[in-house]
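Two chains, each in its own frame: build the complex with the hints.
First to last, the protein sequences are chains P and S. Taking this note's numbering, the leading residue of the first sequence gets 1, the next gets one more, and so forth. Taking this note's numbering, the leading residue of the second sequence gets 1001, the next gets one more, and so forth.
Derived by calculation from the structure, the hints in this document are not laboratory data. The beta-carbon is built from N, C-alpha and C at its ideal position, and this holds for glycine as well. Incorrect hints may have been included.
Unchecked claim - Using C-beta positions, here's what the derived DEER-type ranges look like:
#1 S:Pro1017 with P:Met1: 49 to 55 angstroms
#2 P:Arg262 with S:Pro1081: 31 to 37 angstroms
#3 P:Gln393 with S:Arg1361: 47 to 53 angstroms
#4 P:Gln323 with S:Glu1190: 40 to 46 angstroms
#5 P:Arg145 with S:Glu1190: 41 to 47 angstroms
#6 S:Glu1190 with P:Glu284: 25 to 31 angstroms
#7 P:Leu396 with S:Pro1267: 26 to 32 angstroms
#8 P:Pro230 with S:Arg1280: 43 to 49 angstroms
#9 P:Leu396 with S:Glu1276: 35 to 41 angstroms
#10 P:Met1 with S:Val1378: 54 to 60 angstroms
#11 S:Arg1361 with P:Met45: 20 to 26 angstroms
#12 P:Glu284 with S:Ser1041: 21 to 27 angstroms
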Amino acid sequence: MIQHLFTIIWNERRSNTWILLEYIVVFCVLWFCCDYTFIALRTYMREDGFDINHTYRIEMGIKPDCQSDDSTIKSQAYFYAQTLTERVKRYPGIEAISFAICAFPYFGCYSSGEAIINSDSSGADIPIYRIRAAQVSSGFSDVFRIKLREGSGFKPEEESTQPQIIITPFDHKGKRFGNFYESVDIDSIKTILTDQRRGQILAPPSGITERPIKEIGVWSPLSYVCIPLPREGYDLYWNQIAIRVAPEADHDFPERFIKEMRDQLNIGPYYLVSVVPTQKYRQENIDDLNYGEGQLFSTYVIMGFVIINVFLGILGSFWFRIQSRRSEIGLRIALGSSKRKVQQLVVGETLLLLVLAATIGTTICLNLFTTNLIGTLGIPTIDRNEWGIGWEQDLLNFLIVFGFLTITSIGAVLYPARKASEISPSEALRSE
Amino acid sequence: MYRIYFKQALQMLKQNPFISIISILGTALAIMMIMTVIVTSEIQNASFAPEVNRDRTLYLHTFTTWDTITNIQNSNSTGIPYSFCKDYILPIKTPELIVETDLCQTIVKPEGSNDIHLLEALGTDADFWELYTFTFVQGKPYSQEEFESGLRAAVLRERTARMLFKDENPIGKSMEVNFLPYRIVGVVKEISPLAKESNAAFWIPYTSLPQYENDIFRIMLLARDKSDFPKIKQEIADVERKYTLANPPLVLDLNGPLEHRHEVLNPGYPHKTKTEHALRVHKRKTVLLFSLLLLVPALNLSGFSLSRLRKRLDEIGIRKAFGARRHVILIHVLFENLITTLIGGAIGLLLSYLAIFSLRRWLLEISADGTIPGQALVSFPVFLAVFAACLLLNLFSAGIPAYRVARMPIVDSLMQNDKK
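Isolated chain S, as found in the complex (with noise of 0.2 angstroms):
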């Protein structure tokens, strides 16, 4: 049956060329913006080397103290206070790894060279290596026991490592970070720009930065698995309580822990109160914005598929007249509708890949010449996204009017009267 709709669909496509194009562009140019939306989105939460651990990391990185009786409020969105990551973060014992980050403006001086570069450092602990999944392309990551006697080691990514050292081996060479001499013991290799956690000109143990106790930390709490998320915040929720207790009248709010999809979207206040308000504001953004991007194209098919049903009035009369059923009817204008809209969302897909590539910039933030990883694209929630969108604009479009040609009596039909 479904065979005879598909040839029949096919055919109604040819007869009428014009609004077969306009109808297919529609959907689209529809399919193309909403698969743009969300391969966007899709992108910045998948999990590709090195972030590949994305789904199972929680974020912690604000830290607002409010004194209650004089109502000063002090906070910093950017970090955690060291002494604070070590008095009460890293204590906890459900994640599978406790990584601090704290990125720094250097600038450096490649041995034998009079030329200065400022760049951006990561400076991390050992764990981070095993966050984050890098490829060596030569020598290795400092230690846990590099890491915590402060040895003054650096890891560079490949552009880094030419740009200070041009083709000579990089490894076992010095540079001065800061005025210090730092040696490099790795080279990893080229990192797309949209992991941006673990992205930096080179990496060093934060423990070989001077006063590094006076600095301010990122925090990634890895769980075991997603299941351990409720545990990880309770966790957090009673570091807040303890530290709230011990330090009166301060109260503290760590803002978190955020999962990677909220983290994305913090807008970067110290609260959590605001961060969840910011949350939901960005949902109903959301909601909104794809609302629109179906709603108005399926006005539009919506006449189209109304004025096209008109026509056809008299043979869905005689079907109706032999024994058809009106689900039958609806399913097979809305089956018919489908294929219109598979075929255009189809060439929306491709599309939006064009739209990413080109639109990088804009869309994703990163440079033009940023690589995008290719998982990111083509996947399994991709596609099914795709599908529901074509599916829910197929039934935006043509469910009206197929509902009404469905109900409507075998002698109006077959007298072409829809007026009523």
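If we strip away everything but chain P, and leave its shape as in the complex, we get (with noise of 0.2 angstroms):
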């Protein structure tokens, strides 16, 4: 039978071209629309090491003729962000508040930094690793429920005895510490000496998160090290604020704090400004890495066009050959052919050329990931090594472009195959 239709498919082979670059070239952009689909679904829908659900960064405003810098300012500063952590922590529903430097996630503030592993020197055979820098207040790890598996979170600094420094993992399994280029064992630390705005801290990890903490806008994943953010770190207008709502209190929660809180947040020479979602901030990055909503579907009309494109050159070219090849059908009707078998010929010739058209396709697109052919052309990928994309993303996009291209074309053909069968056999005997 594949025989017999690979001979039906060669006799007509000048209108079979078309159909075959037709089949080739939506075969590939249907592969990368997917790839690119799944890669931003991934990247929507993954997670993060943040829980944000019912978390908001509340935006505070210095007033004109202050300024952040002023010493009189900068002396209180501690006292205001404490007096407006009271004021907010008694206000109905506020489950955790806590103030950060660089570690807001999504917020676009980030501090890169170098950490030396298990050595109180740097030296020429000791590895740095590039991590990045983060300095939070006791509450964060409340915040964004960011679970340690082991230690506790950071104690305030008063009952502090001893330096704290909290490390994630980079990697998806946890295990690793570091970044993607230079790693080391997580378990195998003791000891961590890290450079920050306080100058170099040397203590062993107090605390390790259980997942990595991967935000959406950093490219290549690394891992944080986090130090206690000093008092004199305290600031209003620079730090990112962070809070927590009860899932009952969060409803049209930023209107009703704004309205309700906003005399009792003028602190000194501060004022509230707004409060945000953090879900927004991460909408924010998704959209500026071009997987956003618009990208999104974007794709999908692209995708829709060369379907509805297929759909309609399968149906007129094989509308086509039925006509011109009614003699032929008639004959085999002629001599015993059921209608279901002439269908099952028209139908298998699509499926066919389709399987063709498959294999070569297939191979374009591989071959065309293993070059940069794609990213100069302006379609956003990433580095599948180092986010851990393997061939089963592969698998997937020829499962899903050709059972989509199965669905299609036979949807195509079934019109003109039904309009085959139903020729008549004395068509055969008027042909000349």
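Take a look at the structure:
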């Protein structure tokens, strides 16, 4: 049967070339659209190590006649932060509050740093790991529900007798510390030497998080090294102030909070500007990365466009083909071929063409991934190795694209196939 | 002759309605997609009120310095420091106008009310009102003298005026902007959200902002004529050199000035080389997109044309036997096909308008109630683009089949033998 189909395809090679070419182009386009959509959805749905539901950022402003670096304001900064904490905590439904520098998720404030493991000094043969440096107050892990697998969160400064450092793994298995290029087994870490704003700190890790923290917007995953926010680091204008709200209290929260708290949060030179859901920052990051709703919608539109075209192409081509092969099909029916068999012949011909195109298309797509051609054409790609994406994605792409095209092709060819099976055997006799 | 071709083409369409509908649908779909892309970009680049001078405007808003000794880079891609604008940019002579703007978030409290609103204000100079042509419903803009004296005056847009003062006349009334009192001097007619450079809830002289000397600004340079662009670009390059010479070891990169069509595509990189690369990548992406939008339907339609022409081989053979030349046959086939393409093109254009209106949030990043200026939609370049797209699609889809039947020997045509 298949050999017979090949013969038919070969005999109709002129018009089949067009269909085959179209199939190949569409197959490749759908493959890349599918790959892109999956990576976008992975990005959108993945666990980032933070739980940002019901969390908000409190944005504070500084009055026009004051400046944040004014020495009197600076000396009072910690006191202002304490006042704000007390007042916000009294508001019904607030579960936790924290202050941070370069740690608020998706906010776009990064600070990179270096860490030396199990050594108290740097040297030529001692590896230095590039990490993300963050300074957070004690409530940070409560606000973003960051689970520690070892140790406890930061204790307030006055209760702690030794330097505190919390670290995160960078890989999805939660085993390695560092970055994609240089890493070390996280359980082998005895001490960490890190250089941050407060100067050098050398201490054993006081906590290790269960999962890595992967912020969307950071291309390459990095481990975090968090130290407690020092007293002199508090500043209501420059710090990122995060709060967690109880789910039952999270209805029209920003509007309600701003309305009821505006006067209370008029603290010294600072005033309440807005309350922004963390989800909004995440969405903005996704949009900036070309993985936003708009870009996904564009991908769907392109997919829709090529699929409609394939549908129309197969429908039209096979309709023409049936017209020009009426005598042949008539003869088949005259010689005892059933209607079903004629239909199977037409559908089989289409599917065989699709299989041929899929084989060529897959070869092209797999090879294109190994070159940087896709990136140079402005189609967003990510480093698959760094994010742990392997061959299973290729298989998924193939299955989905092949499945999609099979359904579309069968849908398109059914009408011409039915028309063919309705041909009367007498047509074969009338033909010259 | 063309009338006969036209009649024949219509006859062919009627003869085979099923395939005609499929062909027209395929063409319409392709033209709709292409025109949606073209019209969207046309809307982003067309000059319309208040941004009537887009084609003569150059933009600057990046300030990157690179320390050649420590290798440290400092960059800001959203604005240029005031002191630099004053010392280096404002002295430039070629542009007709140099306009500086400073977008800021403000807390606004209207007179006699306890309501507080978070609104975007645009701090501008007085030339802003010359570069952009707003229609004043009431009052007038602040003058050069008022700007220089740092007068706290504000011009509201109609929507803001209604929101702050309900039905009352806002002129002469005052409002608190970031705890400082401002007097309302004018109200302008609503503007399209597509006017992105000039958009704000209200406008104030930037000299009225406390510590404006520490702020950063977007700069618009209005050329007298487009032919002045190279001269202005040269002047900016001279500014970069001058600054670099005066501030060793710093090297300055202003990443511009960019023309409007590049500015809308600028992803906000801080470096000239990166921006140029991004623009090149964008060009490649556009070429890829257009080729895809033309290629896929062209492959479809090519198959149809070939099948249709096969049926008419005898007719073509007879014509050739009576002396028709190859190019006559070629033109005939292409012309006939063009009729189908043009019908599809017209439907496609209408569908693209429908698509733009219903998908404006996605295509133009404006809200669903945002208006789209009519002159950007219906214009000569747009129609020319439709025709060009149709012509290209026609050539791609009927070119090869037409060429093949035109060069087929007469005997083969008459015998309907196309296997050779």
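Satisfaction of the hinted span 43 to 49 angstroms by the C-beta atoms belonging to Pro230 of chain P and Arg1280 of chain S
For Pro230 of chain P and Arg1280 of chain S the Cβ distance comes to about 47 angstroms; the hint holds.
Open item on the list: Given a hint of 26 to 32 angstroms, does the C-beta separation of Leu396 of chain P and Pro1267 of chain S actually sit inside it?
Closed with: Between Leu396 of chain P and Pro1267 of chain S, where Cβ atoms are some 30 angstroms apart, the hint holds.
> Does the Cβ pair Met1 of chain P, Val1378 of chain S satisfy 54 to 60 angstroms?
Replying inline: Since Met1 of chain P and Val1378 of chain S have Cβ atoms about 57 angstroms apart, the given range 54 to 60 angstroms holds.
- Message: Tell me if the beta carbons of Pro1017 of chain S and Met1 of chain P are separated by a distance inside 49 to 55 angstroms.
- Response: 35 angstroms Cβ-Cβ, so the 49 to 55 angstroms window is violated.
Review point. Using the C-beta atoms of Arg145 of chain P and Glu1190 of chain S, is the stated range 41 to 47 angstroms upheld?
Key: holds, 45 angstroms
Practice problem: Kindly confirm whether 40 to 46 angstroms is satisfied by the beta carbon distance between Gln323 of chain P and Glu1190 of chain S. | Solution: violated, 58 angstroms
Is 20 to 26 angstroms respected by the C-beta to C-beta distance linking Arg1361 of chain S and Met45 of chain P? Given range 20 to 26 angstroms: holds, Cβ gap about 23 angstroms.
Given the hint of 47 to 53 angstroms, is the C-beta distance from Gln393 of chain P to Arg1361 of chain S inside that range or not? The hint (47 to 53 angstroms, Cβ to Cβ) is violated, given that Gln393 of chain P and Arg1361 of chain S are roughly 31 angstroms apart.
Could you say whether the range 21 to 27 angstroms given as a hint is met by the Cβ separation of Glu284 of chain P and Ser1041 of chain S?
holds, 24 angstroms
Hint check for Glu284 of chain P and Glu1190 of chain S - Cβ pair distance inside 25 to 31 angstroms
holds, 27 angstroms
That 31 to 37 angstroms hint for Arg262 of chain P and Pro1081 of chain S (C-beta), does it hold up? holds, 33 angstroms
Does the Cβ distance between Leu396 of chain P and Glu1276 of chain S fall inside 35 to 41 angstroms? Holds, since Leu396 of chain P and Glu1276 of chain S (Cβ atoms, about 37 angstroms apart) stay within the stated range.
The structure shown violates the earlier hints numbered 1, 3 and 4.
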